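A.B. asks: The hints should help you fit chain B onto chain A, whose structure is shown.
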Amino acid sequence: MFWEICKQDWKVIKRGKLAGSAMILLMVFICIAGWIGNHYADTRTVLIEKIKTNELFALEAAGNLVDSLQINNLPFKGNSHRDPTTANGAANGMGARYLVLPPSPMMIISIGQSDLYANYYKFGLNKKQALYHEAEILNPVVVFNGYFDLSFVIIYILPLIIIACSYNIISSEKEQGTFRLLFNSSISPKKIFLIKYTFRLILLYLFTIGLIFLILVCSKVNISDAAYETGILFFEIFWYMAFWMVISLIINLLNFRSGTNAAILSGIWLLLLTTFPAILNIIARKKYPMPSRLELIAETREASDSARNNMNLMLSGFMEDHPELVPEGSKINPNDFAVVSLRSGLAVEEAIRPLEQEFSIKKAEQEALLKQFGILSPGIRLQIILNNIAGTGEERYNAFRASMEEEHDKFRAYFAKKILAGEPMQKEDYQQIPQPVFIENEKNQINQNLAFPVILTIVCFAFALGLFRKLTEIAAEA
Amino acid sequence: MKKLVTAFEFRELKKNYRFKIGAIITYILFFTALYSGYQQYVYEHAEINKTKEITYRQWVSQGDKNPHSAAHYGLYAFKPPSTLFIFDKGIEDYLGRAVWLEAHNQNEVKISQVKDQGLTGKFGYLSVSFIWQLFIPLFIVLLCFDSVNKLIESGTIKLLFSTGLKGKDLLWGKIFAISKLVGMYFLLPMALITSLVIVSVSPSEDYSGLFYYLFLIFIYSLYFLIWIIFSVYISSIFKASTALTILSGIWIFMGFLIPRISGTVAGLVHPAPSSYEFTEKVLTEREKGKDGTGSYEKFQEELKEKILKEYGVENLEDLPVSFAGYSLMESENKDWKIYDKHYGELNKKFKFQNFLIGWMNVFSPVQTQKSLSSAFSKTDINNHVFFAENAEAHRRLVQNILNEDQLKNGLGKERGYLAGKDLWKKIPEFQFSSNSFLNILKQQSGNLLLLILWILAGSLLLNRSGKTLKYLN
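Those protein sequences? They're chains A and B, same order as listed. The numbers in the first sequence follow the numbering used here, run straight up by one, and end at 481. The numbers in the second sequence follow the numbering used here, run straight up by one, and end at 522.
Worth flagging that the hints you see were computed from the coordinates, not collected in a lab. Since this is a predicted model, take the numbers as computed values, not measurements. Heads up, the beta-carbon is just placed ideally off N, CA and C, and yes, glycines get one too. Wrong hints could be hidden among the right ones.
Simulated restraints on C-beta separations [unchecked claim]:
id: 1; chain 1: B; residue 1: ALA95; chain 2: A; residue 2: GLY213; range: 48 to 58 Å
id: 2; chain 1: B; residue 1: MET233; chain 2: A; residue 2: ASN452; range: 47 to 57 Å
id: 3; chain 1: A; residue 1: LYS473; chain 2: B; residue 2: GLY495; range: 50 to 60 Å
id: 4; chain 1: B; residue 1: GLU61; chain 2: A; residue 2: ILE27; range: 35 to 45 Å
So the derived list for chain A, only partly shown, Cβ under 8 Å to chain B, looks like this [said to hold, decoys possible]:
id: 5; residue: HIS42
id: 6; residue: ILE54
id: 7; residue: ASN82
id: 8; residue: LEU119
id: 9; residue: GLU139
id: 10; residue: ASN142
id: 11; residue: THR278
id: 12; residue: MET293
id: 13; residue: LYS366
So that you can see chain A by itself, here it is in the shape it has in the complex:
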């Protein structure tokens, strides 16, 4: 019976132009989005390789230059701020090091937050706050419009394809006058419609994940390495599709005309995927307003002025606050430019730390709100998951920023000791500069309640089952 109905429905799908065209469109969209994701992933991998190669080259060149100046007993005649023989010049010039965020294996799935945040940091002795502003150079219009990546196809286009393939499964029977015939058959209409919906869901699902799997293979994603992520991806796609199929079933059971069904479903799509997230954005800003970044400018400046004005008074305090940076028995020259810059930078950092922390707290609160209420819009939840699978989500970037803070401290400490001790840079020192490394969080990064979509879909399905009693009403009208 099941296969008979499926076969029959397959014929209907083949006859109907809309469902067929929608599936072809889906195929085209997935292929294009896969190619785009692959292109961006490749570009980033190449760039990171380039940064690493150039970084090593610069360190070697600096070491050789210092060596040759020492052998020939020559002074450095270039810009004194970049003098490789001094610790300050080295840190801000050829001794600069990079902390890079390695591309994750499933990066092609979603561009996520990678266009907004820094994917690498260049370490120098400048104020650490400057690192916050680092990001890729991108046309804001392009970033604003968003990218046509796989996450966009899955979250926004897939529901539309489901709507196109299912908006009239019940209503068309009524409009074509075949509804009454169903009631006279030996199988209950409820079963017939359930099988039809299930068949279309499975068909679309297999079609979608088959294509995505192919894209992953073609993009040389090592599926066995990323088995967990791939499993979660396919699991989430299934329940997301099932959710939309059930919504379509509910609307069909409300006994509207096919056109009205399509309009209502488009409206639900608009409401759940664009309007609700936009309203949530307003609520998040209102409930957890960010402190002013502009005022932070003024405060940083105030702290910097005050640090410079009280420089001599601060010296003993500084030595007490940062014993780890002060080499034993060294006599600090308080008027040395590098010493003044270093101490002032540390003092500013210290002064604005509470405000910086407030930013982190507010952002975390906004993110928590998004997670909490985001479940009301399956699109938000899925976007978070797809970003996490792709390694382009907020949590990974938060971890990257935290790592930047720690690694920058190590980098600065290395040079600070030399600056405070007044030690020059030697050739071998360039090989000792700490290499910043980002250590991935081993914990489950996807970090979302996987049972939620299952429960949501089951609840909606139970509601749809309750509406099946309406079939008799529809039959009476038909």
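C.D. replies: Showing chain B alone in chain A's frame:
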């Protein structure tokens, strides 16, 4: 006859449940959007004014310093929000609002809102323009999709034609009725309420924001007309359910797919350099010159030769001006050329990208309208670029004033020369006034023309459909 159709259709539409439900939802969203737009404007306006005042005060009271140290201390230029920000935020959340004007470096405009908001910001923002650009068209589609075909499907059209009514009059009568409904119940009341809010935040005696807004209302009228004409046209050639499916598809394609596709294609065709490559290129050229053979030492030697020749003296000590000041001025002049070249290339790439995006707007009046709306609201990329250019011009002015002071007064003391409050006060506070109406109109003339072409094309199709309408039943 046309007037009768209009009057009848207008009465019918008012009774329609889709109109009532749609109106309630649209107004709820409208008030939410307007309130949040107003609040954000007030907050940002106050925030920028306050920070602007504090940072300028800090500049003036920085104490005695060498002018070049002061140049490194620098000033800030802030981009104030336009009053129409309340109506259309455009891409403001993605653009920076402040730029540090310091010696040697042309910095980028930083501090964008979206970076602090994380993923929440990426989901977009509900603004009045968002409602006008996407909700009202959807509402128009829902009102129009069965406006003509229902007459054909029910056979009523035969009766209408028997009274001597022409197909063209029927279609235009319906268009006038729907336009009247949209105008009377949505465009005008919403425009009036928004205008009052705009006037309430406008600085006294400056109502230019209102003028721009009135022009925007005119553009939005054209935009709604496009949707009405095409919805009625589709309704006249397809069955109700097919018409609704097609119109919903068009709405989604134009509103959601085209922007993603156009942005991504533009980014792929004209990729911007990475931040790493861009910075490295600029730094290398600044240090080693265009051909890579220069050096700081060589540059200083050349400067010495040049200044000695210029003043006809043999030693630096005999110069009537400060060599440090001269060197700083020349160094700035050299760097400006490098920045102009590299930022020029970058902006050219962005321009190509925006051109491509704009070209793809031909397929979507939604995108055309978005560009027009954000341009006249002064929340688009052009306004931002204009701000960045103005800020850079101000930076160069500041550097000139400071370096000239060093040149004239630093003789003998060189880097040991200290200037004070009198010099800092000579540096004017940065004031930004956006592009003029005529310039924006010139920039957007292509988009305006597109809207008109859409209306003309729709009218032609509609007139053709009007002629064949009677043969359809």
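A.B. asks: Please list, smallest to largest, the hint numbers that this structure does not respect.
C.D. replies: No hint contradicted; all consistent.
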